[in-house]
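Asks: Chain by chain, the residues run as shown.
Number of protein chains: 2
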Amino acid sequence: MKKITGIITIAVMCGGVALAAGDSPAPLGFSEQEGADQLALEAEFDRRVNPDNLDMWMQRLTAEPHHLGAPGTKTAAEAMAEAFRSWGYEAEIETFHILFPTPKERVLQLLSPEPYTAALVEPAIEGDRTSEQADRSLPPYNAYSADGDVTGELIYVNQGIPADYEELERLGLDVKGKIVIARYGGSWRGIKPKLAQEHGALGVILYSDPADDGYAQGDAYPKGGHRNQDSVQRGSVIDLPLRPGDPVTPGVGATENAKRISREDSESLLKIPVLPISYNDALPFLKALDGAVAPDSWRGALPITYHVGPGPARVRLKLAFDWTLTPAYNVIAKLEGETYPDEWVMRGNHHDAWVSGAADPVSGMVALMEEARIVGELARAGNRPARTILYAGWDAEEPGLIGSVEWVEQHARELDAKLVAYINTDGTSRGFLNAGGSHTLEPFFGQIANAVMDPHKGITVGERRRKLLRLIGSEEQKKALDAGIAYPLSALGSGSDYSGFLQHLGIASLNIGFGGEGGGSQYHSAYDSYDHYVRFGDPGFLYGAALAKVAGRATLRLANADILPFDTEAFTRTVAVYLDQVTGLADNMRKETAEHNERVRDGIYAAVADPSEAYVPRIEKDPVPHLAFAALENALAKLRVSSAAFDEAAKNLAEGGANISKRQQAELNRLLYRMERKMIRAEGLPRRPWFVHHIYAPGFYTGYGVKTLPGVREAIEQRNWQEANQQIDILANILTDIATHMDQMTTLAEDLSD
Amino acid sequence: MKKITGIITIAVMCGGVALAAGDSPAPLGFSEQEGADQLALEAEFDRRVNPDNLDMWMQRLTAEPHHLGAPGTKTAAEAMAEAFRSWGYEAEIETFHILFPTPKERVLQLLSPEPYTAALVEPAIEGDRTSEQADRSLPPYNAYSADGDVTGELIYVNQGIPADYEELERLGLDVKGKIVIARYGGSWRGIKPKLAQEHGALGVILYSDPADDGYAQGDAYPKGGHRNQDSVQRGSVIDLPLRPGDPVTPGVGATENAKRISREDSESLLKIPVLPISYNDALPFLKALDGAVAPDSWRGALPITYHVGPGPARVRLKLAFDWTLTPAYNVIAKLEGETYPDEWVMRGNHHDAWVSGAADPVSGMVALMEEARIVGELARAGNRPARTILYAGWDAEEPGLIGSVEWVEQHARELDAKLVAYINTDGTSRGFLNAGGSHTLEPFFGQIANAVMDPHKGITVGERRRKLLRLIGSEEQKKALDAGIAYPLSALGSGSDYSGFLQHLGIASLNIGFGGEGGGSQYHSAYDSYDHYVRFGDPGFLYGAALAKVAGRATLRLANADILPFDTEAFTRTVAVYLDQVTGLADNMRKETAEHNERVRDGIYAAVADPSEAYVPRIEKDPVPHLAFAALENALAKLRVSSAAFDEAAKNLAEGGANISKRQQAELNRLLYRMERKMIRAEGLPRRPWFVHHIYAPGFYTGYGVKTLPGVREAIEQRNWQEANQQIDILANILTDIATHMDQMTTLAEDLSD
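If you read the sequences in order, they're chains G and H.
Residues -15 to 738 (the numbering used here) make up the first sequence, in order.
Residues -15 to 738 (the numbering used here) make up the second sequence, in order.
Keep in mind that the hints were calculated from the coordinates and are not lab data.
The reader is advised that the hints may include incorrect statements.
Identical copies go unnamed one by one, so any copy, or any two together, can satisfy a pair.
[Unchecked claim] With a straight-line cut-off of 25 Å between C-alpha atoms, the simulated SDA-like cross-links for lysine to any residue are:
(1) K207 - E98
(2) K605 - P35
(3) K207 - P97
(4) K463 - Y589
(5) K207 - E322
(6) K635 - P673
(7) K88 - D326
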């Protein structure tokens, strides 16, 4: 007989925020005896984590530039594959062929009133050894900018997000035929040129304002860690929220002989040129603007009065790229499971960078390497995992999550069948544990956060995070703590390699890192270097080691659990919160629209406008109708019933002490991990069929930022009331299907209890 | 028979926010016939207002520096007195002798790490003609700084207000033995050195950060109107919220032979040196600071990372002053009333400036001159006012409201007996009507705001203000509009010449100006010039003319009303709002204190603190007891009853058509205007007996900023619970006395109705 305690301890043990450090509740999904074994295994895992190994790997991986296509990237991939093999893994390099542009020509000139040619370089810094490798590095550029040579008046659009274009309209201005300058921030960078293009701009300049990550935040590099006058944020501007991955092999793996569409036919490629610059390069351009003074919230920290323009500044932007099919080297290592070899748990981090990439991605990659080393050692010492564990070092993440997406597309059928969960990291630094993921894993992850100690504070990383939320968390996060959630997971949008797994295949995922006390970031700059990281990011690799313990535990527990620790209640509770948000969103928009329209009718905007400034008459908006939320409310009610019924059945199963075979366990486990598959729908979201998950998606106009219940939420935000009602019905059906799936789980659990 | 309609029209006519522009409800306090005459008189007044006269007077008054003691000041006073005489007034210059320091020596040096000597000058600007008069002007300094020669480490304290010292304590820092640098803003300037001194600083540097009034707000002078790199805010640092006026003649007029105390014995003088500088001068000092990075909200707009220090910057500040008894020339003009010569209405503005003072104070002074000219003309044409009108051009306002305060102290007995109300202005610019004052005058002022047209917008200045409040007003202001208040008056703190009248004698007061669209201020700088004002402040003097119409109406209506338009309901309603605020303040502090203490006990602050930074353990605060507010609630209930009873009696009196003699009217009027006297109490506020008003006072630690119900509110803010309960009782007695006074008014009105 095998008494499975874990499955019912969720409410009793996991939720309790009062768990003292050092408490060791039985891990969810384990029987009593095997739970004790697992905890002993984890203690042994912790003992073997050695920060020096992270340091050594970081030195190796950051020694040479290792962007997609760089010689150093292939070398690094081979070194990692070799290491995996030495630790007992089957390891291979799986290569894809990616359309990847690199710059041939970059020219940015202020033509008038005062001519200036942008330097577009990040000079070497004394004390930063790899900053001298500019000859072998990718210079500052935005990958998947179009080629182009455009000249026009300059206009400043703040962050270039939808709200900024609304403000421009109020100012009576537009970007048509102009070159836009936007500061980073407020959205994923690719949204900025996408919107500029939609509004008719000729080209786009992106720059890092010191207000956002420079001297206004803290001392600049090398005195402090923050972005300095020359530091540039590189990055992709492929249309990530439309579809990540290789732009010319939509939906299929970019193998050597894959069918490719033309660049012109690729929906995810821009038609206009875009270039990122430092604030030293941006200052002459911004100074040369006149016209309206920028609205308060548009002003950065440069010592000027920010003007919107357009003009009198005239600008030339000329960009040309080599568009080359470039090999991407995914490192895939496998340790076959002893009991359930066809149930897989995957752990990944990308290895490609823009330049040295010490923080992004190497700091996460080196934690993964240390985890894999120890898991391999433990297996050889007789603790082979029950399920198969896969480790991935992805290439081509920076250009658009391409290495992982192509791999996911190539192996979709097998992953759909076998992959239980995917655990991602992508850089880490000093500070607090930040985790997002599938809420079916929320209680599971809460236990893990409560099992790993903060390296400085004498409390667990879960406890420290809860104390932070008590101080500065949102009302929703505080409510979650009050409800006994040990670690309120955030929802996943996009921006790293979990996207293909979660949003394209419906595989439950986690994304984990530490941060918040890293003392300044050189995100996507040549100064994101080893020398920077060990001074500011994570001196001594203490938080890197803590990350290895968190991610290592998550991997091992998922690999070894008798019953997979997927939770119905946490999911149901979270969906209820999201539903409250979207109904509240519609209500607020209705109220604000009515108020706005009343103000227009009362002449308030016209009366209050400064008579010395241009005034564009404000117009009434279409009123917000009441949406047919009843279908969703009913589906949620059904979900609640089904979730509670499964909880009850699982409790009886655990307490009943039934004798469950491995086959029966596998049957129940298969239903459990396939619950997340029910959240997807083959047709996908409106206008972006690649994204099929209907609980989590990246925002179409925010990029990385998540939109939960995306079909409904974005239809409301876009004031598309008809689509909102359609999406409400679609989502109601999905929730009903999930409830039905839970009912199957309940039936099986009841059968097994008999 | 004389039917007085005005007195009951408050609720019916005045409150209505729907009053269309051009509506002319009978003015409050006038009989029907006389109301019509009054409106005709005001129409004639408006016709005679000529912006060219404001322009002419501004050119005359700003041609020479006219600070206290400057030759140009005496000339200006004489020219104004002569003009008043030419318009039919008895006019005199009443001279007081004021202790006034002017700089002999000003030295500010950064000694290390990089030596720098502050320039301390405002250079001439092309196109600003008076900026070339530095040889005849007062240089940048803070009047009533102590003499001193101090050297010490520098420390940045943000705005140097109480919350900043709490933050310093959390950082484990203090200012003892150091020289403090603080930016302007967040309080009246005198609070900054007062607090620095209380905390043991050796000296203080004040500077204007471009975040607050420089390039971050708009283009700097001369391109735009905002403060530039060299512009310095001069100003007094006498202890204004303790006691305004001459520092060595407390409580009595500073006549030539007045008894004077020594400087050492004056409580309102600082013991440490303080100097204001430009941001160009401040930058090397701020750059030389290291230590903790300044908290987010402390960061200004200079292109540096703001550090707190202390040090490594070491600073020397050496200041020496001539402390001279200086003649101050108050210009007082009188037009005797025809019917009630011993009931006075007074209208004032100061004429002294720091340099040219085009905006402050001349822009208000020239409106007053135009009003007086027209009132004189109208009197000669047969419309002599019923009451006596006094016009004042105050000297020595800038050093500490001294000209008006000495005059008030000198004439206290007569003013107490005769002065019905005081109407102040002190500079104006383009924009919205801003008015503060005694809430007994709120309905009266609402009618006036509804009678004057905005020069650009085709609506009244009252209507434009209401539309602004609908858009960006506080919840309290919106509620007031909902309740039908046409112009919600703000409460008066300090910062101009109404202070002596209102807060020392209990004379109902108004303070009026336009503003908000002035395009940048050169407050207390040499660049507050005619050339600046006519480009940015009020081109064409259109809002100056509107101000003359508002203040002229207020003066004439108060001078001519049959029954003085003091209102009991508006006062009672306002006190109820303030009482809500102070009980809410105590409740919030109780809640926040409990929350804070719980966080301390839970170790939240310690757990969340960055381990790489110094952490000062947070300690529990004394819990906030429940205060004995019942006495105040009961007094308010009584006030409500008495106020309603008077309203009823006044209505009956008006409708009854009783035949009321001038003597009877005078008796009722005397009770009406003396209602404000009941708000004062001879003992004054704790620790500052000069301030005797218990509804309105400047904040002891905010300076200009008002504290309503100050005895109670400040005791709570200072966590002095015993004093809070004492002040609750005192205020309850005052409200009860006011209710009793209203009862007397009711009895008289009932007697007259019989």
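Asks: Are the hints correct? Go through all of them and say.
Replies: To see whether the hints hold, each was checked on the structure:
1. K207 - E98: Classified as between; 18 Å across copies, 32 Å inside a copy.
2. K605 - P35: Close neither inside one copy (58 Å) nor across copies (42 Å); limit 25 Å.
3. K207 - P97: between (35 Å within a copy, 16 Å between copies)
4. K463 - Y589: Result: close only across copies, 20 Å inter versus 38 Å intra.
5. K207 - E322: Neither: 52 Å inside a copy, 77 Å across copies.
6. K635 - P673: Close neither inside one copy (39 Å) nor across copies (74 Å); limit 25 Å.
7. K88 - D326: Classified as neither; 47 Å inside a copy, 90 Å across copies.
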